[in-house]
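Novice: Sequence:
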Amino acid sequence: MKVAVLGAGAIGAYVGAALHRAGADVHLIARGPHLAAMRQYGVQVRSPRGDFTAHPHATDDPGAVGPADFVLLGLKANSYAACGPLIEPLLHDTTAVVAAQNGIPWWYFHRHGGPYDGRRLESVDPDGAVSAVLAPERAVGCVVYAATELEQPGVVRHVEGTRFSIGEPDRSVSARCLALSEAMRAGGLKCPVEPDLRNDIWLKLLGNISFNPISALARATMRQMCLHGGTRQVIETMMTETLTVAGALGCEVGVSIERRLAGAEKVGDHRTSTLQDLERGKPLELDVLLAAVVELAEVTGVPVPTLRTVHALSDLLALRSAA
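Using the numbering used here, read the sequence shown as starting at 154 and increasing by one per residue.
The hints are simulated quantities; they were obtained by calculation from the structure and are not laboratory data. Source: prediction; values computed, not measured. Heads up, a few of these hints could be off.
Said to hold, decoys possible - Derived SDA-like pairs: lysine to any residue, alpha-carbon spacing no greater than 25 angstroms straight-line:
#	residue 1	residue 2
1	K357	R424
2	K435	R424
3	K435	E275
4	K155	P201
5	K155	E275
6	K343	Q377
7	K419	S327
8	K357	S327
9	K357	E241
10	K229	S200
11	K343	K435
12	K419	C379
13	K357	E451
14	K229	D422
15	K419	Q377
16	K229	A465
From just these sequences and the hints, can you work out the full model?
Specialist: Right under this line is the structure:
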């Protein structure tokens, strides 16, 4: 199995290292000091499950990699529309694109069935720009439950979790999903093939849509947000509104808000990816989180006043941080 990781940051390098340990032909595509460190020293993973180092091929040239069986997208979703020149050399007729992203994916209504089948969400696929580059037919959904941080170039700190749920947009249990699941499990990761991954998308989103923007606005860790009475109440309200939108679309999360908060508190002083991006001066990935759910709320007629308020504040923060 040949796997190309396009955007081998913390999560991408972690998965790539695990797959390489399992014998897959892995190619990490990155740039800058991180690429230089991986080339010289390999991917160094520091984990409570045990430290290890892997030496997959690392490059900044997708053309040198060539077509792969799977392309794992480690890029931020807000860069998908511009990734055409990078991903094109990695594709053959049956290449699957696995988007390890937060939030609502561009393929969400692809083969969804029902009244919304085939609908395009402007917030995640503006003017169809993402679908033009990443055909929904190639998509294998992936919900990441692992928490990682890039401690320094070439060094990934694995905080907790090894679960990467995957699934097809049409809810089938496909041969390509089973093959990827087997390879991931051989690398020490949990990788269930979910008949309806959209439920997992909403479960993960329940945390991302609330913790990520609030962490950036308050400059707070997971534990700090959970222990502060005011932010905890805002987060609970955001989660309640999100669950209502999910229910209107026929999805069930199956986890109570209190349990979700308790799990987040156990993560400790982990900084969300949005807070990490803010601190590093990178663009904030909020459209696939807040903007997408606000758009889905409009589609389904669900009032989401708190989500709208936090979206407005976060949008201004994103604009100011990009200035």
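Novice: Confirm or reject each hint.
Specialist: Hint check:
no.: 1; hint: K357 to R424; result: holds (16 angstroms)
no.: 2; hint: K435 to R424; result: holds (15 angstroms)
no.: 3; hint: K435 to E275; result: holds (23 angstroms)
no.: 4; hint: K155 to P201; result: violated (28 angstroms)
no.: 5; hint: K155 to E275; result: violated (33 angstroms)
no.: 6; hint: K343 to Q377; result: violated (28 angstroms)
no.: 7; hint: K419 to S327; result: violated (35 angstroms)
no.: 8; hint: K357 to S327; result: holds (23 angstroms)
no.: 9; hint: K357 to E241; result: violated (29 angstroms)
no.: 10; hint: K229 to S200; result: holds (24 angstroms)
no.: 11; hint: K343 to K435; result: violated (30 angstroms)
no.: 12; hint: K419 to C379; result: holds (10 angstroms)
no.: 13; hint: K357 to E451; result: holds (21 angstroms)
no.: 14; hint: K229 to D422; result: holds (23 angstroms)
no.: 15; hint: K419 to Q377; result: holds (11 angstroms)
no.: 16; hint: K229 to A465; result: holds (21 angstroms)
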